[in-house]
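A.B. asks: Here is what each chain is made of, one letter per residue.
Protein chains: 2
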Amino acid sequence: MDKDLLKQNIKKNAPISNAELEQVCKHFYPKSITKRAFLLTQGDICKFEGFVLEGCFRIFTIDKKGNENTLYFAAKDWWLMDIDSFMNQTPSNLNIQALEDSKVLLIKRSDKLALYDAFPSVEKLFRVMSQKALVAWQRRLIRNHCLTAKERYHYFDTTYPDISSKITDKQIASYLGITHEFLSKIKKQS
Amino acid sequence: MDKDLLKQNIKKNAPISNAELEQVCKHFYPKSITKRAFLLTQGDICKFEGFVLEGCFRIFTIDKKGNENTLYFAAKDWWLMDIDSFMNQTPSNLNIQALEDSKVLLIKRSDKLALYDAFPSVEKLFRVMSQKALVAWQRRLIRNHCLTAKERYHYFDTTYPDISSKITDKQIASYLGITHEFLSKIKKQS
DNA sequence: CGCGACGTTGATTTGCCTCAACGATTGTGG
DNA sequence: CCACAATCGTTGAGGCAAATCAACGTCGCG
Numbered sequence: 000m001d002k003d004l005l006k007q008n009i010k011k012n013a014p015i016s017n018a019e020l021e022q023v024c025k026h027f028y029p030k031s032i033t034k035r036a037f038l039l040t041q042g043d044i045c046k047f048e049g050f051v052l053e054g055c056f057r058i059f060t061i062d063k064k065g066n067e068n069t070l071y072f073a074a075k076d077w078w079l080m081d082i083d084s085f086m087n088q089t090p091s092n093l094n095i096q097a098l099e100d101s102k103v104l105l106i107k108r109s110d111k112l113a114l115y116d117a118f119p120s121v122e123k124l125f126r127v128m129s130q131k132a133l134v135a136w137q138r139r140l141i142r143n144h145c146l147t148a149k150e151r152y153h154y155f156d157t158t159y160p161d162i163s164s165k166i167t168d169k170q171i172a173s174y175l176g177i178t179h180e181f182l183s184k185i186k187k188q189s
Numbered sequence: 000m001d002k003d004l005l006k007q008n009i010k011k012n013a014p015i016s017n018a019e020l021e022q023v024c025k026h027f028y029p030k031s032i033t034k035r036a037f038l039l040t041q042g043d044i045c046k047f048e049g050f051v052l053e054g055c056f057r058i059f060t061i062d063k064k065g066n067e068n069t070l071y072f073a074a075k076d077w078w079l080m081d082i083d084s085f086m087n088q089t090p091s092n093l094n095i096q097a098l099e100d101s102k103v104l105l106i107k108r109s110d111k112l113a114l115y116d117a118f119p120s121v122e123k124l125f126r127v128m129s130q131k132a133l134v135a136w137q138r139r140l141i142r143n144h145c146l147t148a149k150e151r152y153h154y155f156d157t158t159y160p161d162i163s164s165k166i167t168d169k170q171i172a173s174y175l176g177i178t179h180e181f182l183s184k185i186k187k188q189s
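The listed protein sequences derive, respectively, from chains U and C.
Each residue of the first sequence is one higher than the last, beginning at 0 in numbering that gives the first Met the number 0.
Each residue of the second sequence is one higher than the last, beginning at 0 in numbering that gives the first Met the number 0.
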């Protein structure tokens, strides 16, 4: 069945009865998206949250100077959304683009909000997920401040080899906050 | 009463009945802490969450090279903890230090976990708080990548004038991820 | 008063960027 | 299926933002 991966992911994060799990999952609907297509573009208002079944996505912004800045990648078993736009219902600064043919499960914002009210276990689930994400962002900020570009690259490459192998060096560079020319030079010196 | 600020802060983040609010707040106990004293030091396991009633704190880490790196400041009406150590019960990489004589309300980890189970509204409260914090961290990462040191300094200075006025330039520099010498030069050129 | 942390300033170095050129890969239309 | 375009990766020359190191004045504090 389609939603097994989602169900496992949810159960990993918070205890939930099978009945509630069904109630939650039935609001997710599948969507296929082709390579290079966008799930969200800068200026849109984010009205969904997504869970990746297959493929890989890049969540990035383009600043005033025209530079691309990648917030994160989302491969199989990852969640994605623009939480800023989703929460505040303001125009998004982010683009969510498929890096290869991909499949996601989406839940509409209104359905998600209804689930919060219907099931305390859903509150817990997203509370736990958000707190884990917070930890990851704090650690990343520390790495950005304490490590050199070369060290950050090696951290990324060894920590996420599955993602690293799917994406271009240019995209890695925009995640690390450096130019792709400089990344090329880093890779050369070992 | 002592806990008014805490109660207002909670009500700002999530709807909660007065009865439940009392149940939640009664687990918070006050603590006074003198300038330069530590609420948590690197290596400790974080067993509390705190809410600042008065004063100001700095949450920072010291890396292998001996550089101080400030994750954030917490003034009146802010929450503080090492969420990484709190969640995983692993030794903390962070120091939480009072920058002036301060007062906090603390809740023990075990009490907080019990409150999650007792009240769905507490799950919602911390779910919402965590998601707001997530948005703030994402925005900060984007600023770090897209703005120059000078722009980041001015953003901090104008966005948090109350904090900015209380702390030393050295501390601001460690928050911005630059040296205090360079911050001095930035400030000079306007 | 005197010590230690802070802030400033200058000289020098370095990590990373910019621009430009060119081969290698990948995508696309005829 | 090939030809051409577009994007990507590499390399080099030069430049700039920010770090490092060092000296010195200042302030708060014991």
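Treat the hints with caution; some may be incorrect.
No distinction is drawn between identical chains; accordingly, a pair holds when it is met within one copy or between any pair of copies.
The list that follows gives simulated cross-link-like pairs (lysine-lysine, DSSO-like), each with its CA atoms no further than 27 Å apart [as the list claims (entries may be wrong)]: (1) K64 / K111; (2) K6 / K131; (3) K11 / K184; (4) K64 / K11; (5) K131 / K46; (6) K186 / K111; (7) K186 / K2; (8) K187 / K10; (9) K11 / K186; (10) K102 / K34; (11) K63 / K30; (12) K46 / K30; (13) K63 / K6; (14) K63 / K10; (15) K11 / K107; (16) K187 / K111; (17) K184 / K131; (18) K131 / K11; (19) K30 / K64; (20) K184 / K64.
Keep in mind the hints are simulated off the structure, nothing from the lab.
A.B. asks: With reference to the structure, classify each hint as holding or not holding.
C.D. replies: Against the structure, the hints:
| no. | hint | in the structure |
| --- | --- | --- |
| 1 | K64 / K111 | neither (36 Å within a copy, 45 Å between copies) |
| 2 | K6 / K131 | both (18 Å within a copy, 26 Å between copies) |
| 3 | K11 / K184 | neither (40 Å within a copy, 50 Å between copies) |
| 4 | K64 / K11 | neither (41 Å within a copy, 37 Å between copies) |
| 5 | K131 / K46 | both (23 Å within a copy, 17 Å between copies) |
| 6 | K186 / K111 | neither (43 Å within a copy, 46 Å between copies) |
| 7 | K186 / K2 | neither (39 Å within a copy, 55 Å between copies) |
| 8 | K187 / K10 | neither (43 Å within a copy, 55 Å between copies) |
| 9 | K11 / K186 | neither (36 Å within a copy, 49 Å between copies) |
| 10 | K102 / K34 | within (11 Å within a copy, 54 Å between copies) |
| 11 | K63 / K30 | neither (32 Å within a copy, 46 Å between copies) |
| 12 | K46 / K30 | within (15 Å within a copy, 43 Å between copies) |
| 13 | K63 / K6 | neither (40 Å within a copy, 41 Å between copies) |
| 14 | K63 / K10 | neither (41 Å within a copy, 37 Å between copies) |
| 15 | K11 / K107 | both (22 Å within a copy, 25 Å between copies) |
| 16 | K187 / K111 | neither (47 Å within a copy, 50 Å between copies) |
| 17 | K184 / K131 | neither (34 Å within a copy, 38 Å between copies) |
| 18 | K131 / K11 | both (12 Å within a copy, 23 Å between copies) |
| 19 | K30 / K64 | neither (33 Å within a copy, 48 Å between copies) |
| 20 | K184 / K64 | both (23 Å within a copy, 24 Å between copies) |
The structure fails to meet hints 1, 3, 4, 6, 7, 8, 9, 11, 13, 14, 16, 17 and 19 from the earlier list, while all remaining hints are met.
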